[in-house]
Structures are given as C-alpha cells and as structure tokens.
Amino acid sequence: MSTRLRSSIRVCLLSVIALPTALGLMGLVATAQAAVVTSPDGQLAVEVSVEDGRLGYQATLGEQIVLARSSLGLKSSWGDFTKGVVLAGETKPFDLEVEYELPAGKTSAVKRAMRHAEYTIADADGHRLDVLLRVANDGLAFAYRFAKSGPKRIVVEREATSFATPEGATGFLHPMPEAKSGWSRTQPSYEEHYKIDTPVGEPSSMEHGWCFPALFRVGDAGWLLVSETGVDGGYCGGKLAHKSTGGVYKIAFPQPPENDPDDPVAPTVKAGDLMPWRYVVVGETLAPIVENTWATDLVEPRYEAERPRPGRVAWSWLSLKDDATIASVQRNYIKMASELGWEYVLIDALWDTQIGRDEIAKLVEEAREAGVDVLLWYNSNGAANDAPQSPRDRMHTKVARGEEMAWLEKIGVKGIKVDFFGGDKQSGMRFYEQLSRDAARYGLSVNFHGTTLPRGWERMYPNFVTNEAVRGMEYSTFEQADADAQPGHCAVLPFTRAAVAPMDFTPLMVGERLTPWSDGPQRRTRLSFEMALPVLYFSTVTHLGLKPSDLETLGADEIDYLKQLPTVWDETRFIAGYPGSHAAIARRSGDRWYVAAINGSDEPQQVTLPDDLAEGAAWRALNDDGFNEVAGVDRATDDRSFELPPRGGLVMWTVAPKAEE
1 MSTRLRSSIR VCLLSVIALP TALGLMGLVA TAQAAVVTSP DGQLAVEVSV
51 EDGRLGYQAT LGEQIVLARS SLGLKSSWGD FTKGVVLAGE TKPFDLEVEY
101 ELPAGKTSAV KRAMRHAEYT IADADGHRLD VLLRVANDGL AFAYRFAKSG
151 PKRIVVEREA TSFATPEGAT GFLHPMPEAK SGWSRTQPSY EEHYKIDTPV
201 GEPSSMEHGW CFPALFRVGD AGWLLVSETG VDGGYCGGKL AHKSTGGVYK
251 IAFPQPPEND PDDPVAPTVK AGDLMPWRYV VVGETLAPIV ENTWATDLVE
301 PRYEAERPRP GRVAWSWLSL KDDATIASVQ RNYIKMASEL GWEYVLIDAL
351 WDTQIGRDEI AKLVEEAREA GVDVLLWYNS NGAANDAPQS PRDRMHTKVA
401 RGEEMAWLEK IGVKGIKVDF FGGDKQSGMR FYEQLSRDAA RYGLSVNFHG
451 TTLPRGWERM YPNFVTNEAV RGMEYSTFEQ ADADAQPGHC AVLPFTRAAV
501 APMDFTPLMV GERLTPWSDG PQRRTRLSFE MALPVLYFST VTHLGLKPSD
551 LETLGADEID YLKQLPTVWD ETRFIAGYPG SHAAIARRSG DRWYVAAING
601 SDEPQQVTLP DDLAEGAAWR ALNDDGFNEV AGVDRATDDR SFELPPRGGL
651 VMWTVAPKAE E
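Per the UniProt record's numbering, the very first residue in the sequence shown carries number 1; after that it's consecutive.
Derived by calculation from the structure, the hints in this document are not laboratory data. Honestly, I wouldn't trust all of these hints.
Estimated spans, in silico, between C-beta atoms of each pair [claimed, not checked]:
1. D393 with A617: 47 to 57 Å
2. A400 with V633: 50 to 60 Å
3. A361 with T38: 31 to 41 Å
4. A481 with E99: 38 to 48 Å
5. Q43 with N628: 19 to 29 Å
6. E306 with S328: 30 to 40 Å
7. A631 with K410: 19 to 29 Å
8. Q43 with E99: 15 to 25 Å
9. E202 with A636: 17 to 27 Å
10. D52 with E97: 53 to 63 Å
11. D393 with R368: 22 to 32 Å
12. E571 with N628: 31 to 41 Å
13. A400 with R153: 21 to 31 Å
14. A618 with K410: 41 to 51 Å
All C-beta atoms, glycine included, are put in the ideal place defined by N, C-alpha and C.
Build the full structure now, drawing on both the sequences and the hints.
Here it is, written out as structure tokens:
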C-alpha cells in the first residue's frame with residue numbers, strides 16, 4: 001500500500017486490542033446511569049443512557065443542547081434492540097488520533113483528535129449489540145456492530161436511530177423523490193432543489209423522506225450537518241424519514257421499487273461487521289460544516305489501487321448535447337484541452353454509435369499524443385432504468401464489465417463515467433463497490449452520475465474520483481426555471497452536498513445562452529459567479545462547461561486562470577456566507593491560496609478576509625466588470641474586503657508581492 005493510502009490511529013489510555021476483554025468483563029448490568037463522552041477541547045458533550053429499556057443519546061455544545069435525547073438501536077432477525085434492553089458493558093472513553101493522507105479531497109493531510117467509547121446493550125435473550133461512539137471538537141459519530149457470537153447472516157429490519165433537533169431549528173433539506181419516477185424511471189438520483197430554512201417537523205415535500213446530508217440551524221447554538229459514511233456492499237444507503245414529528249428525524253431504509261424491485265429493502269449483515277457510521281458535524285458557525293472531513297475520517301481503503309491523476313476535463317455534452325458526440329467535435333475539445341494544459345477529455349453518451357469503437361481508439365491515441373487522456377461514458381442499465389442512451393448493458397454484470405474494461409485498458413482509456421443508477425438498496429451499494437473494484441483492476445477511474453450520495457468513497461475506493469448526486473449545471477440548460485433558480489441553489493451547496501464529498505457539478509458556462517439553440521435558457525449568473533465555481537466546489541476531476549469558441553471571447557487573465565486551476569486541495573477554510581444567500585471559501589494548493597465567492601441573492605454582499613489568511617501575500621483577482629465580463633486586477637496585501645454584486649462572484653489567488661522600487 002502506498003504511503004498516501006496509509007492511515008495511522010494512535011490509541012491512548014486503552015488499546016483497541018483490549019476492547020473485547022474489557023467488554024466481556026463488564027457482565028450484564030442494568031443501569032439508568034448516563035455515560036458522558038466529551039470532545040478533546042471539552043466543549044461538546046455526548047450523553048449516552050438507557051432509559052425505560054431504550055438506548056439514547058443527546059449532545060450539548062457549551063451550555064446549549066444541540067441534539068435533544070435521540071434514539072439508538074435497531075430491530076433485527078436476531079433480536080429487538082429498540083426496547084427492553086439493558087446496558088451489558090461499556091468502555092471508558094479513550095483518546096484517538098486519526099491521521100491519514102488523502103490526495104483526492106479538500107484537505108490532503110488530516111490529523112484529528114477524537115474520543116472513543118463503546119457500549120454494549122443486550123435484549124431479553126442476551127443477544128448483544130455494540131454501539132461505537134466517537135466525539136471530536138466538531139462533532140460526533142456512532143455505528144452499530146452485532147456481537148461476534150451472533151449468526152453469520154442477520155437481517156436488519158429497521159433502525160430506531162434518530163436525530164432530535166431542538167425547538168425552533170430550521171432545516172436545509174433535500175427531498176427524496178419517488179422511486180422509478182422521473183425520466184426513464186431513473187429516480188432517485190439526488191438531483192432536487194433544497195428546501196431552505198424549512199421549520200423542523202414538516203413532512204418531506206416529496207413524501208419519501210430527506211436525502212443525506214441534512215443541514216440544520218439550531219438558533220443561537222449554531223449548526224448541525226447530519227450524514228453517513230462507510231456504506232459499501234455490506235449495507236443499504238439510509239435517509240431521513242418522511243415524517244419528523246416534533247423535529248425528530250429518524251433513519252429510514254430505501255423504497256421497495258428502488259434498484260431491482262425484487263431485491264430486499266432490509267440489509268443483511270454479518271455478526272461482528274461494522275455497520276455504517278452516522279455522523280453529526282456541530283459548530284457555532286458554518287466553518288466546521290464546510291471544513292469537516294468526517295466522511296473520510298471514519299473509513300479505510302477497501303482495496304489497493306493506484307490513485308488516478310486529478311485534473312480538469314473538457315466536455316462537449318453540457319453545452320452542445322448529444323449531437324456533438326462525433327469525432328470532429330471531440331477533436332476540437334481534445335485540442336482545447338491540450339492548449340489549456342488540461343488533463344482529460346470526456347466523450348459522453350452515444351459515442352459507440354455516433355463515433356464507433358475503431359474511431360474512439362484513434363481519438364484516444366491522438367489525445368495521448370497531445371498530452372490528454374480520454375474518459376468514456378456508459379449507461380449502468382441492466383434492469384435499473386429505461387434510459388435509451390448507449391453504450392448499454394456493458395457495466396451491469398461482472399462478465400460484461402470484464403470484457404469492456406479489458407478493451408478500455410487495451411486502447412488506453414483512463415476512466416469511465418457510469419450513469420443512471422437509481423437506488424440505495426444493499427444490492428445497489430454492492431453494485432457501486434463491485435464496479436469500482438473491477439475498474440481498479442484495469443487501471444480505470446470511476447465517476448458515478450444519476451446516482452446516490454458518495455459515502456466516504458473517495459477514501460474507501462482509491463480509483464473513485466467524483467460523483468454527481470446534485471442538481472448540477474446541466475439542469476440550467478434544460479429549463480429556464482432552473483436557470484432562474486441557479487444563483488440561490490449554487491449558494492446552498494457549499495454547506496450541504498459539497499461539504500461531505502467530491503461533487504461533479506460541472507461548473508463554468510461562458511455563453512449567455514445555455515444551449516446551442518437560440519430559444520434555449522438564458523444564464524442568470526454573472527461571468528464572475530461562473531469563474532468562482534470551480535474553486536468553490538471540489539471535485540478530484542472537474543468537468544468544465546467551456547467550449548472551444550469560448551476561448552475567442554475570454555481575455556488573457558481568464559485563460560491564465562483556467563490553465564493553472566487546481567482540482568484537489570491541501571487545505572480548506574470557510575470565510576463567509578449563509579446557505580442559499582452567498583458563500584466564500586478559501587482553499588490552498590501548495591503555497592498558493594485561492595478565494596472563491598458567489599452571491600446567490602439579489603442584494604450586494606460584503607465579504608472580508610480574515611487577517612490570518614495568507615498574511616503578507618499579494619493577490620491577483622478576476623473582478624466583476626459587467627454581466628459577462630471580468631477584469632484581472634492586482635490586489636494589495638491589505639486589500640481584504642470586497643463587495644459581491646447580485647448574482648455575481650469573485651475568484652482571487654495569492655501571488656508573490658511585487659518588489660518595492
């Protein structure tokens with residue numbers, strides 16, 4: 001395993017090896033006494049207790065309750081751990097230091113202090129369930145594990161897991177659509193608009209629950225971001241249930257029609273295997289939400305594979321749609337990528353019929369000679385959806401995948417974009433894992449579209465590079481209503497979807513008309529807004545909506561920026577913002593800091609950089625200079641405040657200060 005994939009966890013006070021012994025010596029103890037685990041800085045406290053035979057927890061930040069008493073436990077084929085349980089054992093909290101490198105994310109080197117404890121509950125028959133708890137300065141996480149004495153196969157029928165938000169809290173929530181609805185039965189694909197500042201307790205707007213992640217504002221106490229990680233073929237993807245009476249949000253399983261309707265909804269697990277982590281990021285401000293690394297802190301790589309190189313991707317489909325998937329257009333995009341120094345070109349749907357396999361092989365060779373690698377699109381298909389775009393049925397079985405991936409490796413393709421999944425059942429999660437593992441064997445990166453939320457996959461699956469699960473830029477090219485909503489929608493994503501995993505939003509469109517047709521939707525965001533998006537969002541490979549003809553309209557400053565644009569980051573910092581209104585984030589690549597800011601509102605927004613950000617450095621900026629104009633300007637070291645125009649933005653980066661004359 002390469003050093004970049006290694007992680008180390010130092011354990012103080014109690015070794016992990018001693019845990020089974022410690023738990024075994026506790027014996028069966030019925031107690032109503034609460035156990036409290038505090039964060040390393042002592043500010044966040046999580047209380048775990050059994051009351052009236054039910055296991056629960058609550059969280060306090062300082063003097064403020066940020067999660068009221070919430071439920072833990074599950075009902076399974078081996079036992080009911082939702083009621084009538086007793087505390088059968090616990091470990092004294094001990095210190096963990098989680099340290100690892102992740103070259104595919106928003107923070108390349110992570111070093112985190114946590115406190116860890118474990119609790120064992122028993123049902124009336126003596127069957128045992130472990131609950132693992134971790135608490136850090138910016139949140140908490142927990143996971144379940146059946147005792148190893150249990151049977152090899154246990155069906156988890158439902159969970160009691162809940163998150164009880166305080167009275168007066170509001171949510172920024174993504175509704176879960178009805179399974180097998182939408183275009184060609186491709187739902188759910190996590191591509192809806194967020195409900196902004198919705199009072200907690202309101203039923204989900206589509207009547208099928210809320211997708212992860214879920215953001216909550218808890219009044220003066222701060223913010224919560226709820227999500228899950230570590231989901232692979234060993235479990236299903238979870239969500240928050242449709243009803244949340246009293247602001248209590250419960251974990252729910254997928255809808256029966258998802259994936260193959262004949263596949264079971266309830267996941268089956270092995271005794272002794274860890275189930276997914278659920279985590280809650282907690283902060284007095286939005287900084288912990290934006291900067292958090294919980295999704296990768298709690299997981300390990302599932303297999304060894306060489307990490308694909310990060311980079312920028314030229315992509316015709318966003319601007320030109322299906323008709324542009326022809327050899328002559330793709331050659332123009334390869335040329336543009338080469339001129340800009342970009343790493344990739346993506347050839348999208350219908351390449352097999354509109355270009356052909358022999359010509360694709362020629363394009364791959366031509367691109368390689370120009371210093372550009374090729375990525376190819378596939379339909380996931382099988383029985384999952386009715387989407388007609390091809391290539392179809394080349395990824396849904398191991399045999400078909402093996403044949404196709406061997407050919408891709410032979411001609412030199414470096415990655416695949418697989419589309420239209422539509423489901424969170426265990427069978428669906430197993431498909432993602434198997435597809436990723438198989439692709440790794442052939443040196444291919446994977447990018448999933450029309451898909452679920454990635455749950456720690458950028459660390460679990462080393463060849464995973466990005467994922468959609470967002471109402472991305474493409475929707476603005478479909479309907480004017482989406483283009484009209486785009487400014488505010490973009491301003492909620494840094495605090496929700498983009499805060500937990502790479503997000504293939506496919507940003508940056510330069511043309512004021514968003515399709516090749518004269519009656520297509522018109523862009524409502526200013527060019528300065530568009531230029532900021534590739535830094536504001538992170539994606540290991542970033543597909544950009546630039547067309548070759550755009551190079552004729554952009555100035556030298558914009559082109560220089562696009563040539564040096566990073567896609568992975570060493571450090572990320574929140575600067576300012578409010579979900580749905582505006583957002584400003586700083587990211588560091590090597591010694592250079594970038595700041596990206598957008599204003600999704602109709603009023604100007606003022607942003608000031610913190611004094612300790614890139615102290616002493618001068619800045620180069622692309623300032624707003626009209627709806628479809630930006631101007632490259634130098635900003636002095638002490639010029640740290642700027643105004644964002646309505647639906648506008650700013651991107652700037654550090655440069656060496658000019659020598660005094």
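Do the hints match the structure? See the list:
no., hint, result
1, D393 with A617: 47 to 57 Å, "53 Å, holds"
2, A400 with V633: 50 to 60 Å, "54 Å, holds"
3, A361 with T38: 31 to 41 Å, "60 Å, violated"
4, A481 with E99: 38 to 48 Å, "47 Å, holds"
5, Q43 with N628: 19 to 29 Å, "47 Å, violated"
6, E306 with S328: 30 to 40 Å, "33 Å, holds"
7, A631 with K410: 19 to 29 Å, "48 Å, violated"
8, Q43 with E99: 15 to 25 Å, "22 Å, holds"
9, E202 with A636: 17 to 27 Å, "48 Å, violated"
10, D52 with E97: 53 to 63 Å, "37 Å, violated"
11, D393 with R368: 22 to 32 Å, "28 Å, holds"
12, E571 with N628: 31 to 41 Å, "32 Å, holds"
13, A400 with R153: 21 to 31 Å, "28 Å, holds"
14, A618 with K410: 41 to 51 Å, "49 Å, holds"
Of the numbered hints given earlier, the model fails hints 3, 5, 7, 9, 10; all others are met.
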